[in-house]
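Asker: Quick note, the sequence shown lines up with residues 141 to 500 if you use my numbering.
Each hint should be verified, as a subset may be incorrect.
Once the Cα atoms are required to be at most 16 Å apart in a straight line, the calculated EDC-like pairs of lysine to aspartate or glutamate come out as [claimed, not checked]:
#, residue 1, residue 2
1, Lys222, Glu306
2, Lys435, Glu456
3, Lys222, Glu305
4, Lys290, Glu261
5, Lys222, Glu262
6, Lys290, Asp230
7, Lys435, Asp455
8, Lys435, Glu339
9, Lys327, Asp316
10, Lys435, Asp201
11, Lys435, Glu451
Quick list of simulated restraints, FRET-style, between CB atoms [as the list claims (entries may be wrong)]:
#, residue 1, residue 2, range
12, Glu262, Arg418, 29 to 35 Å
13, Ser245, Thr276, 22 to 28 Å
14, Arg393, Ala152, 56 to 62 Å
FYI, nobody ran anything at the bench for these hints, they're computed from the structure. Beta carbons: idealized from backbone N, C-alpha and C, even for Gly.
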Amino acid sequence: MSDGESENGEAANARDLFAWLSREVRELVSHVPRIHSPSPIGFLRDHVSSNRPAVITGAFDDWPAMERWNLDYLADAMGDAKVSVNVTPDGRGDALLSTDGWTVSGVGDDEMPGEVFVQPEEREMTLREFATMLATPTADLDANAHASRKLAVPYVSRQCCSLLEEFPSLVNDCADEVPFASEALGKPPDAVNLWIGDERSQTTFHRDHYENVYCVVRGVKVFHLLPPCDGRVLGYADAPAARFEQNCFGESRFALALERPRRTVAWASATPASLRARARTNPRDAVVPIVVEVKAGEALYLPAMWYHHVEQRRDEAGQPAVAVNYWYDMSFDDRYAYARFAQEAHARFGGGNPSECDRL
Numbered sequence: 141m142s143d144g145e146s147e148n149g150e151a152a153n154a155r156d157l158f159a160w161l162s163r164e165v166r167e168l169v170s171h172v173p174r175i176h177s178p179s180p181i182g183f184l185r186d187h188v189s190s191n192r193p194a195v196i197t198g199a200f201d202d203w204p205a206m207e208r209w210n211l212d213y214l215a216d217a218m219g220d221a222k223v224s225v226n227v228t229p230d231g232r233g234d235a236l237l238s239t240d241g242w243t244v245s246g247v248g249d250d251e252m253p254g255e256v257f258v259q260p261e262e263r264e265m266t267l268r269e270f271a272t273m274l275a276t277p278t279a280d281l282d283a284n285a286h287a288s289r290k291l292a293v294p295y296v297s298r299q300c301c302s303l304l305e306e307f308p309s310l311v312n313d314c315a316d317e318v319p320f321a322s323e324a325l326g327k328p329p330d331a332v333n334l335w336i337g338d339e340r341s342q343t344t345f346h347r348d349h350y351e352n353v354y355c356v357v358r359g360v361k362v363f364h365l366l367p368p369c370d371g372r373v374l375g376y377a378d379a380p381a382a383r384f385e386q387n388c389f390g391e392s393r394f395a396l397a398l399e400r401p402r403r404t405v406a407w408a409s410a411t412p413a414s415l416r417a418r419a420r421t422n423p424r425d426a427v428v429p430i431v432v433e434v435k436a437g438e439a440l441y442l443p444a445m446w447y448h449h450v451e452q453r454r455d456e457a458g459q460p461a462v463a464v465n466y467w468y469d470m471s472f473d474d475r476y477a478y479a480r481f482a483q484e485a486h487a488r489f490g491g492g493n494p495s496e497c498d499r500l
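Work out the full structure, taking the sequences as your base and the hints as a guide.
Answerer: Rendered as structure tokens:
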């Protein structure tokens, strides 16, 4: 890496080795390439083994879902079957949230927390009911209203193999595996999940211990990506776990219910906007996400342990974003050990929070 060394300098001369590492990795993975229908050996060699994301075209052009799937078709195909829908007042499930202005239950004898790790309320409904709920406008509400008084935002985003378990009538429209990925990795996917939502829903920064092939059928998904070494800038904080609840005060108000017994979760507080602001004030350690748009008919290969924040938007016909993702168990090899070491080293010597490392 002679070019990289001349630009980034020698590690021995770096004032901040963690910033040096981020710059070095960014020179190796400066963008996400677009590739067409890779062979298993090419996918394994060029992306899995090198820990490099890619946008893949031509991977599922033959799926009937590409022609059939819209909300009306999906609702008709599912009929009266109940499915799990995650519901929040602001579109952010699995996120850190200040308790200011919230009614919080389950505190007991403990001190009221100033911040919680909040999870969505999970409801069961038909897909037709979900479509009606998704179409309910929220933009005309008072923008200054507290989040607890906002209308519910629904998102089909249950994990743990939701496509096969909850949507079996849709499986023949897509597939239960990605052939080139299964052959390259030597195993079938551990889970296949269905996602349906609009621009109000987003997924906060996190990482998974899975090789992820994320196939977009309708709409657009926008991924903000960071390699494993950059977890140090995400502002992980420990907070007690809670869940949104709406029915306790009627349909017009949400509350927070703390888990009992109390469980503490370490989660990232940073957002794409906050990382851009940090980069402007700290140009020598300007860690900003790689932004990747994945459109209908395209798949994103997201390597295990890469951090990602996900947004989405409807297509030109107004249909919500619909996607199927395939999780393949990662190999716990030296990559995992290096990531754990980097987290622990930064926690001890770089001023970071060790709690995320404890959960590797």
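Asker: So, against the hints stated earlier in the document, which numbers end up violated here?
Answerer: none
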